[in-house]
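Colleague: Here the protein sequences come in this chain order: Y and H. The opening position of the first sequence corresponds to residue 2 in this note's numbering, with each subsequent residue numbered one higher. The opening position of the second sequence corresponds to residue 35 in this note's numbering, with each subsequent residue numbered one higher.
The hints are simulated quantities; they were obtained by calculation from the structure and are not laboratory data. You may find that some hints are simply not true.
Derived pair list, reagent style DSSO-like, types lysine-lysine, alpha-carbon separation capped at 30 Å [stated by the list, open to error]:
#1 Y/LYS7 / H/LYS60
#2 Y/LYS186 / Y/LYS49
#3 Y/LYS175 / Y/LYS186
#4 Y/LYS249 / H/LYS221
#5 H/LYS60 / Y/LYS49
#6 H/LYS64 / Y/LYS175
None of the values given here were measured: they were computed from a predicted structure.
Chain by chain, the residues:
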Amino acid sequence: MAFAGKAISLTLVFASNFFLFLFSMTSNFFLSFSCSLTTIFFVYIVVKGCIEVVTELTERFTDYEALHLFVTKSIKSLGYQRNLLSLLEEVYKTPCKGSEAQLKIRGIVGGLLYKKILKVKKKNSSGAAKLSSPLTRLVFSLLEKLDSFDEASLKNFMTSLHDLTLSLYLNAKKLRELIAVERLKHRVLQIASSMTLGFVIKTFFVFTRFSYTNLTSNVLTFVSLALLSITIFTTLTCAIQLRHPSFKDLTLCFTLFAALACLPLNGWV
Amino acid sequence: MSSESVIILSSILMAIFSAIFDHQLKELRKRNFTTGSNPLLFKMLSIMRHVHQNIPSSFIALARLDSSRQILPSQLRSLAWKLSLGYRLETKTLDLPPFMGFFDPFTRNEQKINEHMFQEIIGDLRRRLFTTNIRNIITLIITGITITPVIVIISALFYQKGILEVLPIVTSLFYGIVLQLIVVVLKRYASVLI
Numbered sequence: 002m003a004f005a006g007k008a009i010s011l012t013l014v015f016a017s018n019f020f021l022f023l024f025s026m027t028s029n030f031f032l033s034f035s036c037s038l039t040t041i042f043f044v045y046i047v048v049k050g051c052i053e054v055v056t057e058l059t060e061r062f063t064d065y066e067a068l069h070l071f072v073t074k075s076i077k078s079l080g081y082q083r084n085l086l087s088l089l090e091e092v093y094k095t096p097c098k099g100s101e102a103q104l105k106i107r108g109i110v111g112g113l114l115y116k117k118i119l120k121v122k123k124k125n126s127s128g129a130a131k132l133s134s135p136l137t138r139l140v141f142s143l144l145e146k147l148d149s150f151d152e153a154s155l156k157n158f159m160t161s162l163h164d165l166t167l168s169l170y171l172n173a174k175k176l177r178e179l180i181a182v183e184r185l186k187h188r189v190l191q192i193a194s195s196m197t198l199g200f201v202i203k204t205f206f207v208f209t210r211f212s213y214t215n216l217t218s219n220v221l222t223f224v225s226l227a228l229l230s231i232t233i234f235t236t237l238t239c240a241i242q243l244r245h246p247s248f249k250d251l252t253l254c255f256t257l258f259a260a261l262a263c264l265p266l267n268g269w270v
Numbered sequence: 035m036s037s038e039s040v041i042i043l044s045s046i047l048m049a050i051f052s053a054i055f056d057h058q059l060k061e062l063r064k065r066n067f068t069t070g071s072n073p074l075l076f077k078m079l080s081i082m083r084h085v086h087q088n089i090p091s092s093f094i095a096l097a098r099l100d101s102s103r104q105i106l107p108s109q110l111r112s113l114a115w116k117l118s119l120g121y122r123l124e125t126k127t128l129d130l131p132p133f134m135g136f137f138d139p140f141t142r143n144e145q146k147i148n149e150h151m152f153q154e155i156i157g158d159l160r161r162r163l164f165t166t167n168i169r170n171i172i173t174l175i176i177t178g179i180t181i182t183p184v185i186v187i188i189s190a191l192f193y194q195k196g197i198l199e200v201l202p203i204v205t206s207l208f209y210g211i212v213l214q215l216i217v218v219v220l221k222r223y224a225s226v227l228i
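Construct the entire structure; sequences and hints are all you get.
Modeller: In structure tokens:
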């Protein structure tokens, strides 16, 4: 599973930071290690759950888009096709531009043709795309069951569906746009907070190193805490953004943090 | 309290927070992400009625879909059964969301209803997700919590080094708060996606 690998790697990043943090608090290696192992297990469960939910919600957007495209294409073809079977075949044969939603339609219609209607089309079902949206599942189950529509009923049915899918599609599109704006704002805040932490640590270190001699362990503790906070913040809040946690965000935040915290000590503060 | 016991306590806290979060996430998925009244469900309902008027056989087929798969919410499923048995739909039987209190969704002017309902859905979406500024508040809280240890460490270094020992507890609480905020926001997003 793709997301299991992601969850494992994110958990390992989290756990290594947690181990560093605990180890800087106490010199007891065994205690730090065993506590980190427990944390690995629980954080893995959390991250895996988050990734699954985010995947499912993201797929729903695509499902609604696919349903809308399917109905639109069906209505376009209704003038020439006289029954459900030929209509599905027409939609299936429409050139595919390679977008995710269109590929999904192709898979679904191929699956329908294979399973219920045209059993001769064996290889065309490209794995019967998995549907996460309950509404889309419902519509395609209905199509599977009803293969005796006449032209007039089909037209009414598709018009009704079009009405619904247009609302859903526009709704999902609007939601996606709003999420994109929020994501941008959130990303800026993430970077700003990691930069602030790095800047504060450096300023603090420069100001106190002449007045206080034994700061190393305290500063190490604080640096590892800051790293851990950034990890929690960046890894887990990715779920809020309805996207998969990526290493790019982590790397950017850590790099900015490290650049501001560790680089020229007596330099440009 | 020694630093060892603080570390063990913080690990236990993290484990408890993780278990609670996992349970909440499972509950959310079990209910198929629908929480509270969802405007899109009412839209779906009006379409089902439309389908029923035009193609009775399709509606009966819709009602006879495998109920064990739990595709439709129970409210809609029971209504589908009733309609297929000749039951007349009454608006009073539905729990209408607050914004729909002033009109009947099943009048004849479908086009007007669709436009109105769509605007209301978008308006409700915006109101629920963004005009409350919930996400801005969450981000500010999280940023605030991230910066808070700075004050703790400064006071610890200059006055009481003992404060440093509490840092693992602060971290585990931070972890728990972030998880709870994720649940709140996921519920808000998921409730508008059927």
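Colleague: Work down the list of hints and note, for each, if the structure agrees.
Modeller: Structure-based check of all given hints:
1. The straight-line distance between the Cα atoms of Y/LYS7 and H/LYS60 is roughly 20 Å, inside the 30 Å bound, and the hint therefore holds.
2. With a CA separation close to 25 Å, the supplied pair Y/LYS186 and Y/LYS49 stays within the 30 Å bound.
3. Of the pairs offered as hints, the one joining Y/LYS175 and Y/LYS186 holds, with about 17 Å between alpha carbons and a cut-off of 30 Å not exceeded.
4. Using a Cα cut-off of 30 Å, the hinted pair Y/LYS249 and H/LYS221 holds, with the two alpha carbons roughly 26 Å apart.
5. Among the hinted pairs, H/LYS60 with Y/LYS49 is consistent with the structure: their alpha-carbon atoms are about 12 Å apart, no more than 30 Å.
6. Distance restraint check for H/LYS64 and Y/LYS175: the Cα-Cα separation of roughly 26 Å lies within the 30 Å cut-off, and the hinted pair is therefore satisfied.
Violated hints: none; the structure is consistent with every hint.
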